[in-house]
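Trainee: Sequence:
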Amino acid sequence: MPAPKYPEENNIIKVPRFEEAAGFYTTTERSKRMADIKAKNTKAEVLLRKSLWAKGVRFRIHVKTMPGKPDIVINKYRLAIFVDGSFWHGFNWDKKKTTIKTNAQFWIPKIERNMQRDSTNQKKLEEAGYIVMRFWDHEINKQLTKCLNQVLLYLESARNQPIPGII
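Numbering-wise, our numbering comes out as the position in the sequence shown, counting from 1, plus 408.
Rather than coming from a laboratory, the hints here were simulated on the basis of the structure. Among the hints, erroneous ones may be present.
[Said to hold, decoys possible] In silico SDA-like links for lysine to any residue, alpha-carbon gap of 20 Å or less:
#, residue 1, residue 2
1, Lys-463, Lys-554
2, Lys-472, Gln-530
3, Lys-554, Lys-472
4, Lys-484, Asn-549
5, Lys-532, Val-465
6, Lys-505, Met-523
7, Lys-503, Glu-534
8, Lys-550, Pro-475
9, Lys-503, Met-474
10, Lys-458, Ser-527
11, Lys-422, Glu-535
12, Lys-448, His-546
13, Lys-484, Ala-462
14, Lys-484, Val-465
15, Lys-484, Met-541
16, Lys-448, Phe-495
17, Lys-477, Lys-550
18, Lys-484, Lys-518
19, Lys-550, Ser-494
20, Lys-422, Ser-527
21, Lys-472, Ala-462
22, Lys-422, Lys-484
23, Lys-518, Phe-490
24, Lys-463, Lys-484
25, Lys-477, Gln-551
26, Lys-504, Arg-486
27, Lys-550, His-497
28, Lys-472, Phe-499
29, Lys-422, His-546
30, Lys-451, Lys-518
31, Lys-463, Leu-556
32, Lys-463, Leu-561
33, Lys-484, Gly-537
34, Lys-463, Gln-551
35, Lys-484, Trp-496
36, Lys-477, Glu-564
37, Lys-504, Arg-521
Fair warning: this is a prediction, and the values are worked out from it, not measured in the lab.
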């Protein structure tokens, strides 16, 4: 059997099931709050999309056929953009994981597995010829202009590049 193309595939982090039988417990109130958290169309994601659209940038959202289902895809310029939630994707993780007080045996592997999956999906997209940009939700909420300018700067430079195979 050939070795996996991505080293992470050898040691995928195992996340335990979150159930009382496994020793995990949460209050009804906390469970309700966690259930209300969205995976798509978050405030930060919508804010970035509206800003790009206002600048005349056209894109696709949540492309199911691409690794990781990027939040925003601009196929013309081979650009995939992810808007990562700070908790779910491990912002400042080395510090943050020491502060988790409840159900740490579940949350630490859960977030680390998300980070591992993000890394693998990014490599797959890059191998397919895409540039991948990742923004933290708090970056977009607090510094939207900076994030928007980063995307626009890439698009401007990509427009000025000759298309391979065309003279």
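Trainee: Compare the structure with each hint and give your call.
Mentor: Evaluated hints:
no.: 1; hint: Lys-463 with Lys-554; verdict: holds (14 Å)
no.: 2; hint: Lys-472 with Gln-530; verdict: holds (15 Å)
no.: 3; hint: Lys-554 with Lys-472; verdict: violated (28 Å)
no.: 4; hint: Lys-484 with Asn-549; verdict: violated (27 Å)
no.: 5; hint: Lys-532 with Val-465; verdict: violated (24 Å)
no.: 6; hint: Lys-505 with Met-523; verdict: holds (13 Å)
no.: 7; hint: Lys-503 with Glu-534; verdict: violated (29 Å)
no.: 8; hint: Lys-550 with Pro-475; verdict: violated (28 Å)
no.: 9; hint: Lys-503 with Met-474; verdict: violated (31 Å)
no.: 10; hint: Lys-458 with Ser-527; verdict: violated (27 Å)
no.: 11; hint: Lys-422 with Glu-535; verdict: violated (26 Å)
no.: 12; hint: Lys-448 with His-546; verdict: holds (16 Å)
no.: 13; hint: Lys-484 with Ala-462; verdict: holds (18 Å)
no.: 14; hint: Lys-484 with Val-465; verdict: holds (11 Å)
no.: 15; hint: Lys-484 with Met-541; verdict: holds (15 Å)
no.: 16; hint: Lys-448 with Phe-495; verdict: holds (15 Å)
no.: 17; hint: Lys-477 with Lys-550; verdict: violated (25 Å)
no.: 18; hint: Lys-484 with Lys-518; verdict: violated (34 Å)
no.: 19; hint: Lys-550 with Ser-494; verdict: holds (13 Å)
no.: 20; hint: Lys-422 with Ser-527; verdict: holds (16 Å)
no.: 21; hint: Lys-472 with Ala-462; verdict: violated (25 Å)
no.: 22; hint: Lys-422 with Lys-484; verdict: violated (37 Å)
no.: 23; hint: Lys-518 with Phe-490; verdict: holds (19 Å)
no.: 24; hint: Lys-463 with Lys-484; verdict: holds (16 Å)
no.: 25; hint: Lys-477 with Gln-551; verdict: violated (24 Å)
no.: 26; hint: Lys-504 with Arg-486; verdict: violated (33 Å)
no.: 27; hint: Lys-550 with His-497; verdict: holds (18 Å)
no.: 28; hint: Lys-472 with Phe-499; verdict: violated (25 Å)
no.: 29; hint: Lys-422 with His-546; verdict: violated (28 Å)
no.: 30; hint: Lys-451 with Lys-518; verdict: violated (23 Å)
no.: 31; hint: Lys-463 with Leu-556; verdict: holds (9 Å)
no.: 32; hint: Lys-463 with Leu-561; verdict: holds (12 Å)
no.: 33; hint: Lys-484 with Gly-537; verdict: holds (12 Å)
no.: 34; hint: Lys-463 with Gln-551; verdict: holds (17 Å)
no.: 35; hint: Lys-484 with Trp-496; verdict: violated (30 Å)
no.: 36; hint: Lys-477 with Glu-564; verdict: violated (24 Å)
no.: 37; hint: Lys-504 with Arg-521; verdict: holds (15 Å)
In this structure, the earlier hints numbered 3, 4, 5, 7, 8, 9, 10, 11, 17, 18, 21, 22, 25, 26, 28, 29, 30, 35, 36 are contradicted, and the remaining ones agree with it.
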